[in-house]
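Chemist: Chains as they are written, first to last, in our numbering: chain A, 1 to 569; chain B, 570 to 1138.
I should point out that these hints are in silico values taken from the structure, not numbers from a laboratory. It is possible that some hints are incorrect.
Stated by the list, open to error - Straight-line Cα separation of at most 16 Å, EDC-like style, residue types lysine to aspartate or glutamate; simulated pairs: (1) Lys1005/B to Glu993/B; (2) Lys669/B to Glu142/A; (3) Lys970/B to Glu806/B; (4) Lys34/A to Glu17/A; (5) Lys34/A to Glu690/B; (6) Lys401/A to Glu237/A; (7) Lys100/A to Glu711/B; (8) Lys566/A to Glu500/A; (9) Lys95/A to Glu78/A; (10) Lys664/B to Glu711/B; (11) Lys664/B to Glu690/B; (12) Lys760/B to Asp797/B; (13) Lys664/B to Glu101/A; (14) Lys1135/B to Glu1115/B; (15) Lys260/A to Glu333/A; (16) Lys34/A to Asp1081/B; (17) Lys664/B to Glu103/A; (18) Lys1135/B to Glu1125/B; (19) Lys126/A to Asp1081/B; (20) Lys593/B to Glu580/B; (21) Lys603/B to Glu121/A; (22) Lys581/B to Glu1094/B; (23) Lys366/A to Glu253/A; (24) Lys581/B to Glu121/A; (25) Lys990/B to Glu650/B; (26) Lys12/A to Glu690/B; (27) Lys95/A to Glu670/B; (28) Lys28/A to Glu690/B; (29) Lys695/B to Glu103/A; (30) Lys260/A to Asp301/A; (31) Lys970/B to Asp794/B; (32) Lys597/B to Glu121/A; (33) Lys95/A to Glu672/B; (34) Lys603/B to Glu78/A.
Number of protein chains: 2
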Amino acid sequence: MRLSQFHLRTEKETPAEAEIVSHKLMLKAGMIRKLAAGLYTWSPLGLRVLRKVEAVVREEMDRAGAIEMAMPSVQPKELWEETGRWAKFGPQLLKIRDRKEQEYCFTPTAEEAVTDFFRQEFSSYKQLPVNLYQITTKFRDEIRPRFGVMRAREFLMKDAYSFHIDEDSLRVEYRNMYDAYSRIFTRLGLKFRAVAADTGAIGGSASHEFQVLADSGEDALAYSDASDFAANVELAEAVAPGPRAAAGEPLREVATPTQKTCEDVAALLGIPLARTVKSVAVMGTGDDGAPQFTLALVRGDHVVNEIKLAKLPGLADYRLASEAEILEYLGCEPGFLGPLQPRRPIRVIADRTVAAMADFVVGANKPGFHLAGVNWGRDLPEPEVADIRNVVEGDPSPDGKGVLRMARGIEVGHVFALGRKYSEAMHCSVLDAAGKAVAPAMGCYGIGVSRIVAAAIEQNHDAAGIVWPPAMAPWRVVVCVINPKNDPAVTAAAEALYAELNAAGLDAALDDRGLRPGAMFADIELIGIPHRVVVSARGLDAGTFEYRARTASESEQLDRAALLEKLRA
Amino acid sequence: MRLSQFHLRTEKETPAEAEIVSHKLMLKAGMIRKLAAGLYTWSPLGLRVLRKVEAVVREEMDRAGAIEMAMPSVQPKELWEETGRWAKFGPQLLKIRDRKEQEYCFTPTAEEAVTDFFRQEFSSYKQLPVNLYQITTKFRDEIRPRFGVMRAREFLMKDAYSFHIDEDSLRVEYRNMYDAYSRIFTRLGLKFRAVAADTGAIGGSASHEFQVLADSGEDALAYSDASDFAANVELAEAVAPGPRAAAGEPLREVATPTQKTCEDVAALLGIPLARTVKSVAVMGTGDDGAPQFTLALVRGDHVVNEIKLAKLPGLADYRLASEAEILEYLGCEPGFLGPLQPRRPIRVIADRTVAAMADFVVGANKPGFHLAGVNWGRDLPEPEVADIRNVVEGDPSPDGKGVLRMARGIEVGHVFALGRKYSEAMHCSVLDAAGKAVAPAMGCYGIGVSRIVAAAIEQNHDAAGIVWPPAMAPWRVVVCVINPKNDPAVTAAAEALYAELNAAGLDAALDDRGLRPGAMFADIELIGIPHRVVVSARGLDAGTFEYRARTASESEQLDRAALLEKLRA
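Isolated chain A (complex conformation):
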């Protein structure tokens, strides 16, 4: 591509409307233009990047044996009512009424449409497994679209759906997709983690999110520094620490007149926060079905994980206890609560870490006082023990390899083992080997193609602009011509190099726009081209080209052979 024949329009100013760096840089580089809230036009430059991502996704899906098809954007209400999602999806589902007053939606995902296709096209276990995918425009009517294409309303998504005669087959394909996704994000040059995730609204039994690591990410992740373990902080297991130390201190009451938090108590007593225990009072349901007052204990520097807590028996629908309930069960106001000597019988659940503590400090159930030197077994009964806290930096990795690090991530892919939720709801079945009609097990696998573009920028940028991973760059290399109009020899040499690079499959552009070098280089850096080659009269005389990698701070003078070697690397 000759840039004089292309449309490139960069901005010097940082657009005020953009909050995060990818949005800013996509606007500055002229990759996108806002048409309305959450709706973006992809400029020629932006589309080149989007298509590169799309091509990698398609290649790897094909390689993994998935078969591409295309379902309509506009889908009838009746279809969505079969699974109840017409109502359940909520206001993110963009509803449409046609000229005949029939209702439709703009598809945000296509479980219903693909299951409808499947039930018409497939009839036997012999045709399974099958994985059908599409790369099409989707729509979610976000209440607050923001961050450019990171959370746009209209976006490009790859969605795949697999169908299986049994769970074993689903597991195999789930792993196959997991591996395909790993190849995709690796090829795209992204630092990412596959994290075990909560299945959220789509439902099902197993799921992993593929997260691009970036400080601006919305999701908090924990990952091992020594293995590929990664999980959403909400779901990461906090493993049990080593055995409990022996009691070394006597139980004693300490005055903490105004100290209601663990931090304040630790400061007053001059002890580490890790010696204190926090008591969170909630109401669960006892074995008899009656409300059950429960204290959840975590170390002072830890945080209760509500998802983990709710998975314990009797706590599925727990809520925080009221002050009246706290007073009734513990005889004390909040701030000085603890598991010792409740006024009425209570359930005590200690986090694994708390269960391993000795000589710790808890509230005394007496206003203005805490208890120090508390020890399990001696001062109070051994508690019910469970993992009920969020992991923190430095915790051992649950896979036994290394310790956990924290990062923020941007979700760009998601694999779900859906099970039979959709196939059963839509009365979709195939005949099994015994001739019996069975609902197929399903998996679904999404990739936010347009979001990847923004996520890659969040992860790869510097003060000068975008730093594309090579596989996503609009061009791998730009050949810059200094003074194209004034020096025919320079122009001819640049044209020859440009042609040679493209013939070698190196995806080159020629910057023949005739800009001053400073403005030209600033553009090429801003739009993130991995390699820049400058053809100038001086270089021609010396038989060299000026080469600079986007990530380098200095240029090098290279002869043709050395240059080609660099670009091929």
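Could you slot chain B onto chain A? The hints should help.
Modeler: Chain B only, in chain A's frame:
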């Protein structure tokens, strides 16, 4: 592609819902599945064909210098109100209301969006001309969607928009696009004509439709048998015939008691229909602005062309005259009308053919009578002469080359010289060489990508199914294996050939599904694969492959070299 790893599902029965052959065959071949009225899922097989068409369109647009981008599907009402099209587009515009009660539409075309992009991105004549295109999903809420993807509501369209500093530049690009379209349809292997067309609702000054010729086409075309002239019948010029013959008969009144049509009069008098003249009474507007009674005369075997008539002075808003008006001006009831001896002054417009007639027959303005032997100049004044009829088969071609033939066509492409309609309405301007802000002239260029798939089938099919032009075929060649499970040598030979063909870029599929030969061949014919090669034990022994072109009625036994030569042809 191994067909055992693909999803192919053909139907033996012809689907009742389909009215035209392309719809029937697309359903039988399993290319599409209906999701709702006018909404189709493209199966893996269908999508392969659609993508082939898309790729050819993209390559030729790129070659022509157009630049690809992508605009949102969902576009805000405010944008469409700038041009007045929110109201004017009518119920085909699918309107959408989001969760915030803001109004949008699903884009049927993108003049507004691209002009909005242009006015933000372009500022100088130096950046022009530019041609921006996209290949995206569009929606028209057809009142009666039918014929499968031929007139679907959701469809894939390539739309391009060019911007110019002046009309000369627009004309150059219009021709450039005309040529690109000709290359596209030629590469796709379609018989087509570019016809001068009415500009319809989009407006503008020049336009050509690209029509694929097929009996089921909705549009009536006239084209020369000796040149590339083609036009919509509505717009084709009926050229003036040779000079008028001299009067040979006396004017006389003939009794036609019940003969009110030219056909009946000619039959009664025993003369050719081409000797009679039909008088059509309409009300136009005189030079003084008052209603003007007008007789439009065409030969008895011709039909008045309303578009041509309305282009004449005073007839822009003409309507048929009422019986009362006819009685007032001609003193006679319909059926016996003519231009002689009106009761009040009238305007007489003779079609070019009528003006060249002598000794003709017209109504006598007297119930039950016609006049025969009528001659211009002698019996009534020379008339106003104009081209006011539809052309018919055998008329001379307006370009002077050959005679006109009639055909039916399916519109698959359209080029428009739009002028400044959109740029002016949207206050879009660039600075010209003199530094003055001027609205750019625009062209727009559409191709119905998904419709091409159906149009190609309308033109290319036989009793066994689709006969794809090679550029659109899902695969160029299918290698069929007889008894893949029973004969390892056959399977190995087929695999080797399949690999060899793909390595040679011949886009081969391997039919390793293990079907009986009859069923396998029927599938391969139905889905229209241009070349079929059968690998069998018998052939292997003889060192040959059984080759058959889709268009051939017999197979040939070819050795490897001859086979490759055939497939490369």
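Chemist: Hints first: check each against the structure and report whether it holds.
Modeler: Results for each hint:
1. Lys1005/B to Glu993/B: 15 Å, holds
2. Lys669/B to Glu142/A: 10 Å, holds
3. Lys970/B to Glu806/B: 13 Å, holds
4. Lys34/A to Glu17/A: 10 Å, holds
5. Lys34/A to Glu690/B: Holds, at roughly 12 Å.
6. Lys401/A to Glu237/A: 13 Å, holds
7. Lys100/A to Glu711/B: The given pair, whose Cα atoms are some 10 Å apart, holds under the 16 Å limit.
8. Lys566/A to Glu500/A: 14 Å, holds
9. Lys95/A to Glu78/A: 12 Å, holds
10. Lys664/B to Glu711/B: Given pair Lys664/B, Glu711/B holds - Cα atoms ~13 Å apart, limit 16 Å.
11. Lys664/B to Glu690/B: Since the Cα atoms of Lys664/B and Glu690/B sit roughly 28 Å apart, the hinted pair is violated (cutoff 16 Å).
12. Lys760/B to Asp797/B: 12 Å, holds
13. Lys664/B to Glu101/A: 11 Å, holds
14. Lys1135/B to Glu1115/B: Holds - the C-alpha atoms of Glu1115/B and Lys1135/B are around 12 Å apart, at most 16 Å.
15. Lys260/A to Glu333/A: Holds. Lys260/A to Glu333/A sits at ~10 Å (cutoff 16 Å).
16. Lys34/A to Asp1081/B: 49 Å, violated
17. Lys664/B to Glu103/A: 12 Å, holds
18. Lys1135/B to Glu1125/B: Holds, at roughly 11 Å.
19. Lys126/A to Asp1081/B: Roughly 14 Å separates the two Cα atoms, so the pair holds.
20. Lys593/B to Glu580/B: 10 Å, holds
21. Lys603/B to Glu121/A: Within the cut-off at roughly 12 Å; holds.
22. Lys581/B to Glu1094/B: 13 Å, holds
23. Lys366/A to Glu253/A: 10 Å, holds
24. Lys581/B to Glu121/A: 14 Å, holds
25. Lys990/B to Glu650/B: Holds, at about 14 Å.
26. Lys12/A to Glu690/B: 14 Å, holds
27. Lys95/A to Glu670/B: It holds: about 11 Å lies between the C-alpha atoms, which stays within 16 Å.
28. Lys28/A to Glu690/B: Roughly 12 Å separates the two Cα atoms, so the pair holds.
29. Lys695/B to Glu103/A: Roughly 48 Å between the alpha carbons, so the hint for Lys695/B and Glu103/A is violated.
30. Lys260/A to Asp301/A: This hinted pair holds, its Cα atoms lying about 14 Å apart.
31. Lys970/B to Asp794/B: 8 Å, holds
32. Lys597/B to Glu121/A: 12 Å, holds
33. Lys95/A to Glu672/B: Holds: Lys95/A and Glu672/B sit about 12 Å apart, inside 16 Å.
34. Lys603/B to Glu78/A: 14 Å, holds
Checked against the numbered hints above, the structure breaks hints 11, 16, 29 and satisfies the rest.
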